[in-house]
Every structure is written in C-alpha cells, then in structure tokens.
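As they're listed, the protein sequences go chains A and B.
Everything in the first sequence is counted per my numbering, starting at 1 for the first residue and increasing by one.
Everything in the second sequence is counted per my numbering, starting at 1 for the first residue and increasing by one.
For the record, the hints were derived by calculation from the structure and aren't laboratory data.
Fair warning: this is a prediction, and the values are worked out from it, not measured in the lab.
One should not assume that every hint holds.
Because identical chains cannot be distinguished in the list, a pair is counted as satisfied if it fits within a single copy or across any two copies.
Said to hold, decoys possible - Derived lysine-lysine pairs resembling DSBU-like cross-links, with alpha carbons at most 30 Å apart:
1) 173 <-> 93
2) 93 <-> 34
3) 48 <-> 173
4) 173 <-> 34
5) 173 <-> 140
There are 2 protein chains.
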Amino acid sequence: MAAPELILYELAGANPELRFSPHCWKARMALAHKGLQAVGEPWRFAEKDKISFSGQGLVPVLVHGNESVSYSWRIALYLEELFSTDPALFGGKDAMSTTRFVNSWADTTLLAAVAKVILVDVYNCLDGNDRGYFRASREKRFGMALEAVVADQPARLLDLRMALQPLGHMLRKQEFISGSAPAYADYCVFGMFMWARVCSPVDLLEPDDPIVAWREQLLDAFGGLARSAVCVGA
Amino acid sequence: MAAPELILYELAGANPELRFSPHCWKARMALAHKGLQAVGEPWRFAEKDKISFSGQGLVPVLVHGNESVSYSWRIALYLEELFSTDPALFGGKDAMSTTRFVNSWADTTLLAAVAKVILVDVYNCLDGNDRGYFRASREKRFGMALEAVVADQPARLLDLRMALQPLGHMLRKQEFISGSAPAYADYCVFGMFMWARVCSPVDLLEPDDPIVAWREQLLDAFGGLARSAVCVGA
C-alpha cells in the first residue's frame with residue numbers, strides 16, 4: 001500500500017507560486033528535515049472554504065491521509081511523533097521546551113521587526129481579494145497605515161538588526177541554534193528570513209553579518225529547497 | 001575524604017551582602033539545582049588581584065578544590081558534566097544548544113532592556129572604589145551618561161515589557177522555559193530579574209503580567225534561595 005499523500009496548504013500571493021508565509025516555511029522545512037515530500041497547495045486569505053475541513057481559518061494546514069493538522073508548531077510535533085525514526089526535529093522533550101522559547105521569540109520580537117521593514121512589500125504580493133483583509137487587520141495590529149509602518153525603512157532595518165542580536169551573539173559560539181546541525185529551532189527563525197526573501201527586494205542583513213553564513217546554509221539545505229523558492233521580481 | 005569545598009566569587013555592592021550580578025545568579029541557581037552549596041565570596045570590580053588565579057578579571061568564578069572555572073555558561077557546563085547524576089541543567093546536548101540561544105537572548109536583548117531601567121540603581125549600590133570604573137565603562141557602552149540612560153524610566157519599562165514578549169507568549173503554553181520544571185534556560189533569564197530585585201526598588205513587571213507567576217516559582221525554588229537574597233533598602 002502506498003504511503004498516504006501529504007498536502008501542505010500554504011499562503012500564496014497573486015502569483016500562486018509566491019509562497020511567503022513564515023509559518024508555512026517552518027512546516028515546509030520540518031517536512032524536508034524528515035525526508036518527506038508534500039504537495040504544496042496554494043491558499044489565499046479569502047479562501048476560508050478551502051480549509052474549512054481543518055476547523056479553523058489559517059494556514060499552514062497539513063493533510064496526511066485522513067488526518068489534518070493546523071498551526072506550524074502542531075505540525076512539527078505531529079511529524080516528530082509519527083516519523084520518530086527519521087532525523088529529530090527537536091532532539092528530546094527538554095529541547096522541545098527550549099525550542100518553544102525560540103519559536104516564541106521568532107513569532108513576537110522577530111516577526112514584528114521584520115514586518116516593520118517589509119509590510120508594504122507583503123501587501124503588494126497579495127491577490128486583489130486578500131488585500132482588503134490584510135490592510136485592515138495589519139493596520140489594526142500596528143495602529144497605523146501600512147505605509148506609515150515602513151516609512152523610515154533604514155531606521156526599521158537598524159531596529160531589526162538590534163532585535164537579531166541574540167542570534168548573531170549565539171552564532172559566534174555554535175553553528176546552528178540546534179547545535180552542529182539545523183533542526184526546528186533553526187527553521188522557526190529561518191521562516192522569517194524566507195518571508196522577506198520571497199516578498200521583498202530588501203536584504204535584511206548586511207553582507208558582513210555573522211547571520212549570513214547561517215542563512216546561506218539553510219538556503220542550501222535539502223537540495224536548495226529554500227534557495228529555489230520563487231521570489232517576487234525574480 | 002570530604003568533598004572539596006565550593007566557593008563562588010560573586011559581585012558585591014558597598015554592602016557586601018548585596019549580590020546583584022545577573023551572571024552570578026545564573027551560577028548560584030545552577031549550583032542549587034545540582035543540590036550543591038557554595039560559599040559565596042564577595043568580590044568588587046576593583047579587586048582584580050583577588051581572582052587573578054582564574055586568569056581573567058570577572059566574576060562569577062567557581063572554585064572547586066583545585067579547579068577554577070570562570071563565566072556562568074562554563075560553570076553550568078562544568079557542573080553538568082561533573083555532577084551528571086544529579087538533576088540535569090540542560091537535559092541533553094540538543095537542549096544545551098537551544099538553551100544557549102535563550103542565554104544569548106538574556107545577555108543581549110534582556111540585559112540591555114533591564115539596564116536601561118536600573119542602571120543608576122546599580123551604580124548607587126556599588127562600593128566607592130567601583131563607581132569610577134562602572135560609570136566610565138557603562139557610559140562608553142551606552143554612549144551617554146548613566147542618568148540619561150534611565151531618564152525616561154516609564155518609557156524604558158514599556159520597552160522592557162515589549163522585549164519580554166517572547167517569554168510571556170511562551171508561558172501561556174508551558175510553565176517554564178525548560179518545560180514542566182525549571183532548569184538552566186530559566187535561570188539565565190531569571191538572573192536578570194534578580195539583578196533588578198537586589199539593586200532597585202522598581203518592579204519590572206505589572207502585577208497581572210503572566211511572567212509574575214514564573215518569577216514567583218523561581219523565587220521560591222530551593223527553599224527560597226532567591227527570595228531570601230538581601231536587597232537594597234530592605
């Protein structure tokens with residue numbers, strides 16, 4: 001019997017090949033880490049019906065045979081449990097707990113700092129039907145117009161590089177957040193860099209930033225999965 | 001044969017009972033986690049001779065029989081290796097790597113954000129012989145007078161609470177950074193809170209902050225080791 005097919009519902013832009021969601025990138029890297037191939041199914045914010053089977057309205061959603069799993073963190077746990085003999089995403093219960101802190105840092109501090117650089121670029125990638133929702137929800141979150149959030153982009157880039165200090169500081173001591181090889185703690189941070197790479201012409205890092213080498217290795221991982229992603233303007 | 005005595009050289013204030021260094025608190029909590037008691041030896045910045053045996057000029061320095069170990073991270077690794085049958089500080093190699101990220105976050109983002117609230121309070125705790133060094137080195141680091149760093153304390157407290165977002169966000173999902181029980185990842189963050197508790201009358205957290213419950217549990221840990229610390233003005 002063939003193994004059940006894996007389908008990953010991923011946020012897509014007006015160009016359905018633009019897959020920019022940082023949370024979907026976490027799931028995509030986690031799948032690749034386990035040696036799994038999933039069909040990437042493009043999804044837009046307006047397509048609630050398309051994922052209503054999942055019981056909620058956001059991607060990533062992973063479908064595995066008759067199972068569906070939502071939220072990137074739960075997808076990672078699901079993969080770790082079900083494919084436990086493949087390379088570990090966490091490396092044990094204790095590392096899973098500390099990885100959750102890394103994930104929280106990525107989802108709060110880092111996501112906000114990256115958003116303040118690329119928010120209008122993200123908007124410009126979106127399908128026309130998604131733009132109204134995105135503008136309204138993000139302008140409510142930031143308390144100002146999208147254009148005002150990114151208005152002083154050089155200053156916001158400096159803020160972002162300050163926010164990235166813990167990563168640069170750590171990379172002087174070890175090659176990856178997970179140690180000598182990447183794992184989920186790296187992917188949850190790397191997802192934020194993929195968000196910017198796919199949507200925006202701005203490079204978040206100066207060429208001499210120690211984070212560049214880490215990012216390069218993750219772009220090259222799994223046969224260049226991330227490096228080959230379709231990017232805006234490419 | 002009796003076990004060799006443990007001595008922890010700790011930064012102290014004008015009142016030698018004031019032990020406020022966040023890095024020394026990391027080491028003190030790590031020792032307690034392993035069920036070890038160390039004699040706390042007060043040390044001031046001006047007393048380089050007193051720790052010259054360690055080959056460097058900062059505390060914490062742990063002396064264990066004929067061995068001496070410097071830097072809080074290396075002290076934690078030393079304890080984990082030597083007392084490997086006692087409760088784990090890291091919970092394995094993978095958790096040690098991700099804990100290093102937590103430690104980097106504490107030492108960069110969090111330390112800077114706390115400093116911007118309490119820097120003058122720290123200065124006021126110091127012995128007269130330490131004040132010149134402290135003022136010169138910290139004013140160089142921050143690029144302004146100590147008093148200017150903390151001048152708008154309400155704004156700096158808001159910045160700090162924003163910097164603490166990853167911790168608050170994570171604590172909605174699990175009780176400690178290390179999972180269901182505290183370990184080194186918690187202590188390296190908690191050290192920053194002890195720094196403020198010992199030196200400053202300012203409470204870093206609002207009473208309804210979810211981080212308060214976490215901090216309370218760590219204050220109570222090991223028979224109230226941290227809660228019983230001598231604080232300024234107490």
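How the hints compare with the structure:
no.	hint	in the structure
1	173 <-> 93	both (23 Å within a copy, 14 Å between copies)
2	93 <-> 34	both (18 Å within a copy, 20 Å between copies)
3	48 <-> 173	between (44 Å within a copy, 27 Å between copies)
4	173 <-> 34	both (26 Å within a copy, 25 Å between copies)
5	173 <-> 140	between (40 Å within a copy, 25 Å between copies)
Comparing the model with each earlier hint shows no violations; every hint is respected.
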